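Guided by the hints, dock chain B onto chain A, whose structure is given.
Here the protein sequences come in this chain order: A and B. So the first sequence is numbered by my numbering: it starts at 54 and just counts up by one. So the second sequence is numbered by my numbering: it starts at 54 and just counts up by one.
Do not take every clue at face value.
It does not matter which identical chain is meant; a pair holds if it fits inside one copy or across any two.
Capping the alpha-carbon separation at 35 Å, the derived lysine-lysine pairs in DSBU-like fashion look like this [said to hold, decoys possible]:
no.: 1; residue 1: Lys238; residue 2: Lys225
no.: 2; residue 1: Lys80; residue 2: Lys112
no.: 3; residue 1: Lys222; residue 2: Lys155
no.: 4; residue 1: Lys154; residue 2: Lys144
Calculated from the structure, these hints are not laboratory results. All values reported here derive from a predicted model rather than from experimental measurement.
2 protein chains.
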Amino acid sequence: MQNTFLSLVRSRQSVRKYENRPVEAEKLQRCLEAARLAPSASNSQPWTFVVVNEPELVKQVARETYGPLATFNTFVPQAPVIIAIVIEKMKTIAQVGAYLKKREFALIDIGIAAEHFCLQAAEEGLGTCMLGWFNEKPIKKLLGIPDKKRIGLLITLGYPPEGYTVSEKNRKGFDEMVRFNLYRKPG
Amino acid sequence: MQNTFLSLVRSRQSVRKYENRPVEAEKLQRCLEAARLAPSASNSQPWTFVVVNEPELVKQVARETYGPLATFNTFVPQAPVIIAIVIEKMKTIAQVGAYLKKREFALIDIGIAAEHFCLQAAEEGLGTCMLGWFNEKPIKKLLGIPDKKRIGLLITLGYPPEGYTVSEKNRKGFDEMVRFNLYRKPG
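Only chain A is shown next, with the shape it has when bound in the complex (with noise of 0.2 Å):
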């Protein structure tokens, strides 16, 4: 069990290539189940996930996420899943709290719970991507999202190709990342 984790986030990556094979039920559900059991500011759970599973839809739904603009997701389409999380309304205790300390909590909680659905995802041998950059507006129609609500991101979810290698990851070193103390480097 040592360092079974650690493993686990090695073995994550943004996948942009998909195989033509549905996700299997029970798979997709334990993703969700990861999601579901995400810790959140004041266990507020802002978040519901829209899972578009439905082919049709989720070629209208991907025709939203890439442009001449954001090429980087022309890979969409092929995948056979895409969930869409919607931010949902924080407590009230949330609420206070952000508003008095400045700091967008909803979004940090949204990271948290898709990343539990990604890894959850990576150790059933799926692979996933976070997109961040897809016309709203016309996705919340599709899916029928009321206007006054936000969609935080939405993930991609399928197989990858046989073969789909584990990249390299490119990161910060430690000493850029991690200070003892005080915020200044030493020295």
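Just chain B now, kept in the frame of chain A:
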């Protein structure tokens, strides 16, 4: 290996009581490594983790996390370590995207990295609690964080007392959180 991640998710909880016992450097290092490998919008990694473990400084920071309005944080001085996650600039492409799409990606990213840290801590037998309520200005002063930067979250870290039990998770039901293809509930 089946459902290892879900077990970890179920075991993670907010720990609000700590033993008077230091955290081993290599365990702390693995928690930071899990955070370092977290995904982020355009791989911006918009975070610096300031590890506060100098006892006097921990007490001073802790003192700024509770007060008459925030009595829920009075446990903080027990923690041997407090992490302050400073929000750093995103890459230009992510900044442009966040602006055009009116979505503050950096907070989503902070949530993901913080949760990686907390899940690794849970695997190490350590307890954490994310704090969104704190007096940001004095803490920035204590840690030498530039005025114009923001602290996204604090995390307490330490050993829970023996027998600190995992509480049953109180969450929305699956049917309340998940919809298929359309936001509105059927019927």
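Hint by hint, here is what the structure shows:
| no. | hint | verdict |
| --- | --- | --- |
| 1 | Lys238 with Lys225 | within (15 Å within a copy, 43 Å between copies) |
| 2 | Lys80 with Lys112 | within (22 Å within a copy, 45 Å between copies) |
| 3 | Lys222 with Lys155 | both (33 Å within a copy, 28 Å between copies) |
| 4 | Lys154 with Lys144 | both (15 Å within a copy, 25 Å between copies) |
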